[in-house]
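Modelling step: build the complete structure from the supplied sequences, incorporating the hints.
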Amino acid sequence: MGEEDYYLELCERPVQFEKANPVNCVFFDEANKQVFAVRSGGATGVVVKGPDDRNPISFRMDDKGEVKCIKFSLENKILAVQRTSKTVDFCNFIPDNSQLEYTQECKTKNANILGFCWTSSTEIVFITDQGIEFYQVLPEKRSLKLLKSHNLNVNWYMYCPESAVILLSTTVLENVLQPFHFRFPPKQAGTMSKLPKFEIELPAAPKSTKPSLSERDIAMATIYGQLYVLFLRHHSRTSNSTGAEVVLYHLPREGACKKMHILKLNRTGKFALNVVDNLVVVHHQDTETSVIFDIKLRGEFDGSVTFHHPVLPARSIQPYQIPITGPAAVTSQSPVPCKLYSSSWIVFQPDIIISASQGYLWNLQVKLEPIVNLLPDKGRLMDFLLQRKECKMVILSVCSQMLSESDRASLPVIATVFDKLNHEYKKYLDAEQSYAMAVEAGQSRSSPLLKRPVRTQAVLDQSDVYTHVLSAFVEKKEMPHKFVIAVLMEYIRSLNQFQIAVQHYLHELVIKTLVQHNLFYMLHQFLQYHVLSDSKPLACLLLSLESFYPPAHQLSLDMLKRLSTANDEIVEVLLSKHQVLAALRFIRGIGGHDNISARKFLDAAKQTEDNMLFYTIFRFFEQRNQRLRGSPNFTPGEHCEEHVAFFKQIFGDQALMRPTTF
Amino acid sequence: MAAAAAGAGSGPWAAQEKQFPPALLSFFIYNPRFGPREGQEENKILFYHPNEVEKNEKIRNVGLCEAIVQFTRTFSPSKPAKSLHTQKNRQFFNEPEENFWMVMVVRNPIIEKQSKDGKPVIEYQEEELLDKVYSSVLRQCYSMYKLFNGTFLKAMEDGGVKLLKERLEKFFHRYLQTLHLQSCDLLDIFGGISFFPLDKMTYLKIQSFINRMEESLNIVKYTAFLYNDQLIWSGLEQDDMRILYKYLTTSLFPRHIEPELAGRDSPIRAEMPGNLQHYGRFLTGPLNLNDPDAKCRFPKIFVNTDDTYEELHLIVYKTELRPSSYTQSEASISASVHPTLDFCRRLDSIVGPQLTVLASDICEQFNINKRMSGSEKEPQFKFIYFNHMNLAEKSTVHMRKTPSVSLTSVHPDLMKILGDINSDFTRVDEDEEIIVKAMSDYWVVGKKSDRRELYVILNQKNANLIEVNEEVKKLCATQFNNIFFLD
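Chains A and B supply the protein sequences, listed in that same order. Those letters in the first sequence? Residues 1 to 662, by the working numbering. Those letters in the second sequence? Residues 1001 to 1487, by the working numbering.
Simulated from the structure, these hints should not be mistaken for laboratory data. Given the structure is predicted, the values throughout are model-derived calculations rather than measurements. There's no promise every hint is true.
[Claimed, not checked] A partial selection of chain B residues facing chain A, derived with a Cβ cut-off under 7 angstroms:
hint	residue
1	N1211
2	Q1238
3	D1239
4	D1450
[Unchecked claim] Heads up, simulated DMTMM-like pairs for lysine to aspartate or glutamate below, C-alpha to C-alpha not over 25 angstroms straight-line:
hint	chain 1	residue 1	chain 2	residue 2
5	A	K476	B	E1471
6	A	K512	B	D1307
7	A	K477	B	E1214
8	A	K64	A	D29
9	A	K482	B	E1214
10	B	K1473	A	D594
11	A	K606	B	E1432
12	A	K264	A	E201
13	B	K1018	B	D1158
14	A	K296	A	E432
15	A	K561	B	E1310
16	B	K1205	A	D568
17	B	K1154	B	E1310
18	B	K1370	B	D1342
19	B	K1437	B	D1199
20	B	K1221	A	E432
21	A	K561	B	D1441
22	B	K1474	A	D568
23	A	K77	A	E105
24	A	K561	B	D1307
25	A	K451	A	D430
26	A	K512	B	D1199
27	B	K1205	A	D29
Note that the Cβ used here is the ideal one computed from N, Cα and C, for glycine as well.
Written out as structure tokens, the structure reads:
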């Protein structure tokens, strides 16, 4: 197994903290993603480290007993510490506010506090075994105000900070889950709303053991913008399928929770879940490997639930060397390999792995490059990659690879890949367009409904594909030109199929390739069917090809004519061909003959050395002068003296048109 | 009127006047180098039709042609005589390869009148035949021969005079019977290709189909795609496609349409098990793919003879949307290696279903086009358009071609005027326009603009020159809007 095979890795710069030991307790706050190292109950110091802030917060507090739970409110404004089962202590970290601790006891009598969660910088929820209590903290008054509460029996709870949903386990089997959602209208007190409760189906278990839903088997995460409750079901309900599975319940903002997806693990043992880049990662401790699932990839739909299999074969997380830092590090000392899938690992959503015994917090990451070779079905690979955050360069390299000589894909596969790219591209263009139209229609920019579409990395436009893939591809001498042209046409076909206007540089690429291989007749046919769209640059390119392929002249003129904005160019082309009369007839046909330069036409006529032609052109302009100015003479501004002299020299003075007198 | 003109000729019930159309008198091919000495003259003759002619007469006729060509060469070394006009006939000369001469002798049309004493008087119409038309026919004879046999020189290299003579005999014996000299006209001069108008997207789909097929069937070298006898795509070079198109549309396709129209469509397809429903079949090659002994014989064709000189096998495959329907698409495929039965089955399985789908796409497009043009009322004019650059040809004068004759819907006199205008155009390089008032209330307009030619026949009794000019302008604006065609 080469290094390029691992598709999961721990982040390079973990959050390091003091290892857990009898005098040092370690806590993790999922809302702020902070690790608290509490030494001797806080008396010898508390160090708080988050993933983003490299400057840890450290402070001391009095040792008032064993700390059960410690968390900052959002923005680190207020610290909450739970030391007893009845009370939570608070301490302000706001400048100018008193730093004296204050305490809140839970309101429900005889209730025990299971824990608490901050839902904003000043709002906190206590979860007790008899319900929940929602408080607003008033730091300046050093007191709390109860906003709302709800009574029910609680076995355990779970909090998802991204979606501000608390899940409570109720009933004897612990498998009825009651979600609460917290909303924070700006500058108002938050609200708490109860969502419909739902039941998790427990697997059939031997009669001797009482089935119950364990907190360990439940996780909450946001996947593709939707909140899911993930349930790790160790034994499948159906007897014929062995192995555990992960059941995904979709928890919508409104409406009931619904079972949507089942991820088949095909193995048993101890598992842990993470969600990274909208992928569900399932770690298996027994084999020390992980698998990933993408619920957007096509699975088997049985009418209500979609079954998914791992996207890729199981692989270990990439081996990790513990970096040696600090003055203790000696240069000769080699880095220590880190024990992966250790039993001391604790996994948090969405992507956090903590080793309390080693003092590390990592973010789990997905590496896309190795996946390219692990997923042979290019269509599925594209579907997978297009959903990933950092996909652009990988997708472009997949495109280059499928056009390379050694790994050349078949045309239908190439077509599928192009279609998938352009599908994504078109979606973005449409969103952009409707945004632009809405703006134009006068909708205010600040309206929350009107959001400028975000261009994700999955949007690969023509210039990306041209720059990174096609321009290098057509340069490859060893490629059969038939294949090169087929690929270019396939890309153009795909763009057209999605009604995306093709940029002229792609057309130029086609023309260049055809010309290089002397395939002028093919080029002619493409132009004949307007496969290569009309544009001035293209028409000019065709003009330049006339010496190799005479019909290019006609093709170019036709194109200029169709553009209908290129009349000047048509005149220039005709004059350069000494087709003076044709140029004049053309400009007269479109009614532009009153504004053209007489000198230009007379010059061209003189160059033909055809005196009768010169006479005709000269006479035409005399008549124009007569009509426009009442006199056949040229004005000095027209700079035609030389031509008048030439005319006289050949045809004599008397041949000049005489002004009509009234 | 047209039918009468075409059908008259030999009819015994014709009135006082009997008309006889032009006819082929003789056709021969010779090489003066093969019998330079006296007594060896017979060796020069490579092919002679009719073969029954007595040997000395053959030698005399060949000698005469040789003499005429030699004689005229003194006056115009680069352009020796192309034709010789006599009272009774016209001779056309063509030297397609160095020292190889092809000669075609056509009898002028005849009018047989009854004189007062009841005796028939024969009158040869010396000025009826157009040189350009029949010179083109003669050149086409060579092109067609070359398409299926390669060059004369190649035959000489392969097996000497003997082989060349055999090939010529085998080819022209049949081919000359299909010449139909009485119905040759302007279109023979052009030797054009009728293109099927198609939207970009459908066209790109066809491109994609062809590219994929050529990729998966790698012995396929070139592909041409036709729909209803009109060309959509040619991978072959223009000159090769031009003659192949002629062969397909005037010979191969008509031969296969007639039995179908009679309802004798081969029921092969119905027996194919597990096959997608499609009505594709081979027009060349095996008739029945299920027959293990089916013969995979495809005609050989020779293309790019000036350059790479490729010898290929011509596979013509055709599908219909419904059996015996008029709508059809044909793919003509040229393979480099001899195709086997197995290959044919693969081709059938790949091309058949896809081609059927494409045909329905094209058919839809065809109906859209028809609806768009059909909304206008029957126009007062007929026209022929030709572009020398891409050989595109469009005619509302000609009816559908049949293997025997190409029918025109206008009087032959008008066709002759068109030919005359064309001859005038050939003389000058510059763009020009000719308007002719014909005897029979018709106006005939010829326009030439940058290698394009347009001929319009208007039936407007009392129109004057200006009105006719306006009418043609209107026609150009509607029919040729997207090209640069000077008014």
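Check your understanding: Going back to the hint list, which numbers does this structure go against?
Key -> 3, 5, 13, 15, 16, 18, 19, 20, 21, 24, 27
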